[in-house]
Amino acid sequence: DVKVTQSSRYLVKRTGEKVFLECVQDMDHENMFWYRQDPGLGLRLIYFSYDVKMKEKGDIPEGYSVSREKKERFSLILESASTNQTSMYLCASSQNRVWSQPQHFGDGTRLSIL
Amino acid sequence: GQQLNQSPQSMFIQEGEDVSMNCTSSSIFNTWLWYKQDPGEGPVLLIALYKAGELTSNGRLTAQFGITRKDSFLNISASIPSDVGIYFCAGQLTGANSKLTFGKGITLSVRP
Numbered sequence: 039d040v041k042v043t044q045s046s047r048y049l050v051k052r053t054g055e056k057v058f059l060e061c062v063q064d065m066d067h068e069n070m071f072w073y074r075q076d077p078g079l080g081l082r083l084i085y086f087s088y089d090v091k092m093k094e095k096g097d098i099p100e101g102y103s104v105s106r107e108k109k110e111r112f113s114l115i116l117e118s119a120s121t122n123q124t125s126m127y128l129c130a131s132s133q134n135r136v137w138s139q140p141q142h143f144g145d146g147t148r149l150s151i152l
Numbered sequence: 019g020q021q022l023n024q025s026p027q028s029m030f031i032q033e034g035e036d037v038s039m040n041c042t043s044s045s046i047f048n049t050w051l052w053y054k055q056d057p058g059e060g061p062v063l064l065i066a067l068y069k070a071g072e073l074t075s076n077g078r079l080t081a082q083f084g085i086t087r088k089d090s091f092l093n094i095s096a097s098i099p100s101d102v103g104i105y106f107c108a109g110q111l112t113g114a115n116s117k118l119t120f121g122k123g124i125t126l127s128v129r130p
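Sequence order for the protein chains is A and B.
Under the numbering used here, the first residue of the first sequence carries the number 39, and numbering increases by one thereafter.
Under the numbering used here, the first residue of the second sequence carries the number 19, and numbering increases by one thereafter.
Calculated directly from the structure, the hints in this document are not laboratory data.
All values derive from a computational prediction rather than experimental measurement.
Note that beta-carbon positions come from the ideal geometry of N, C-alpha and C, so glycine has one too.
There may be inaccurate statements among the hints.
Claimed, not checked - Simulated coverage check for chain B against chain A, where a stretch passes if three residues somewhere in it have a Cβ under 8 Å from a Cβ of chain A:
| id | segment |
| --- | --- |
| 1 | 38-44 |
| 2 | 83-95 |
Unchecked claim - Taking lysine to any residue pairs in the SDA-like style, the calculated list, with each CA pair at most 20 Å apart, reads:
| id | chain 1 | residue 1 | chain 2 | residue 2 |
| --- | --- | --- | --- | --- |
| 3 | A | Lys95 | B | Ser25 |
| 4 | B | Lys117 | A | Val50 |
| 5 | B | Lys122 | A | Pro77 |
| 6 | A | Lys93 | A | Lys109 |
| 7 | A | Lys41 | B | Lys122 |
| 8 | B | Lys117 | A | Glu117 |
| 9 | B | Lys117 | A | Glu100 |
| 10 | B | Lys117 | A | Leu79 |
| 11 | B | Lys122 | A | Asp76 |
What the hints assert, rightly or not - Take a look, some chain B residues computed to stay more than 12 Å from chain A by CB distance:
| id | residue |
| --- | --- |
| 12 | Leu22 |
| 13 | Glu33 |
| 14 | Gly34 |
| 15 | Glu35 |
| 16 | Gly71 |
| 17 | Ser75 |
| 18 | Gly77 |
| 19 | Thr80 |
| 20 | Pro99 |
| 21 | Ser100 |
| 22 | Val102 |
| 23 | Ile104 |
| 24 | Lys117 |
| 25 | Val128 |
Start from the sequences, fold in the hints, and give me the full structure.
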């Protein structure tokens, strides 16, 4: 089974802090994704990556950056956290960009910015 | 970005009943996926469909890839309390950077 692990289930940070959300997958997947999930808005793609050191902007990249130094790990960074970034953050991975393989999700990090 | 159409937003059924959900799009997809999300958890893949007209079952769940490639259906038979959750559909184009287009989800409640 695919295992996508997010480092924290719950996180509380203060406005202006730099926040790191970590995600690790154990299936040697090439693709990794970060989403945020908000009531009434569904899942929105923030950033994704096809390979180590590669990244692409999703639909809502503003205020975020990402890092992929190793194939199994994809980090989401909130450069200066703001209250409107309070949300559920979901990481996902899929096999590669050529074949239509499903994305598998982690359990999510519920982030509160005070 | 584009989203798929899922409605209604919420459904309430009695335990033991069957329930059907659909997902529609103005665009064609090569792959349709159905996920379920329990409260406080991440979405879990239920069924993946790769071919127009395909009908696939997973236990009490059955999903179909619409012939037009613009829609998909999920049926749950003989519902039980643990079926409660949010059901998302997602469409994917082959080679389209593997990105998914999601519906907003349907929240299912099952009355004992």
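Checked hints:
Closer than 8 Å: that is the beta-carbon criterion, and the segment 38-44 of chain B has 0 residues meeting it against chain A, so the requirement of 3 is violated. Residue count for the segment 83-95 of chain B with a Cβ under 8 Å from a Cβ of chain A: 0. That is fewer than the three needed, and the coverage hint is violated. The hinted pair formed by Lys95(A) and Ser25(B) fails the criterion: a straight-line CA distance of about 29 Å is larger than 20 Å. Taken as a hint, the Lys117(B) and Val50(A) pair is broken in the structure, with Cα atoms around 29 Å apart against an allowance of 20 Å.
Between Lys122(B) and Pro77(A) the alpha-carbon distance is near 9 Å, which keeps this suggested pair within the 20 Å criterion. This hinted pair checks out: Lys93(A) and Lys109(A) have alpha carbons roughly 12 Å apart, not beyond 20 Å. Restraint check: the Cα-Cα separation between Lys41(A) and Lys122(B) comes to about 24 Å, which exceeds 20 Å; the hinted pair is violated. Restraint check for Lys117(B) and Glu117(A): the C-alpha separation of about 25 Å exceeds 20 Å, so the hint is violated.
With a CA separation close to 19 Å, the supplied pair Lys117(B) and Glu100(A) stays within the 20 Å bound. A distance of roughly 17 Å separates the Cα atoms of Lys117(B) and Leu79(A); the hinted pair therefore holds under the 20 Å criterion. The straight-line distance between the Cα atoms of Lys122(B) and Asp76(A) is roughly 10 Å, inside the 20 Å bound, and the hint therefore holds. A cut-off of 12 Å between C-beta atoms contradicts the statement that Leu22(B) is not in contact with chain A; the least separation is 9 Å.
With a least beta-carbon separation of about 26 Å from chain A, Glu33(B) lies farther than 12 Å from that chain, consistent with its non-interface assignment. Here Gly34(B) stays apart from chain A, with its beta-carbon at least about 29 Å from theirs, past the 12 Å limit. Distance to chain A confirms Glu35(B) as a non-interface residue, since its nearest Cβ pair spans about 26 Å, more than 12 Å. With a minimum CB-CB distance of about 17 Å to chain A, Gly71(B) clears the 12 Å threshold, and the non-interface call stands.
Remark: the non-interface label on Ser75(B) is consistent with the geometry, its nearest Cβ contact in chain A lying 17 Å away (cut-off 12 Å). Residue placement check: Gly77(B) keeps its beta carbon more than 12 Å from all beta carbons of chain A (closest about 17 Å). For Thr80(B), the condition that its CB be more than 12 Å from all CB atoms of chain A holds, with the nearest at approximately 18 Å. Pro99(B), annotated as away from the interface, keeps every beta carbon of chain A farther than 12 Å; the closest lies near 21 Å.
Every CB of chain A lies more than 12 Å from the CB of Ser100(B), the least distance being 17 Å, so the non-interface label holds. Even its closest Cβ contact with chain A, about 17 Å, leaves Val102(B) beyond 12 Å, as expected for a residue assigned away from the interface. Residue placement check: Ile104(B) does not keep its beta carbon more than 12 Å from all beta carbons of chain A (closest about 10 Å). Remark: the non-interface label on Lys117(B) conflicts with the geometry, its nearest Cβ contact in chain A lying 7 Å away (cut-off 12 Å).
For Val128(B), the requirement that its beta carbon stay farther than 12 Å from each beta carbon of chain A is met, with the minimum near 21 Å.
Against the hints set out earlier in the document, violations occur for numbers 1, 2, 3, 4, 7, 8, 12, 23, 24.
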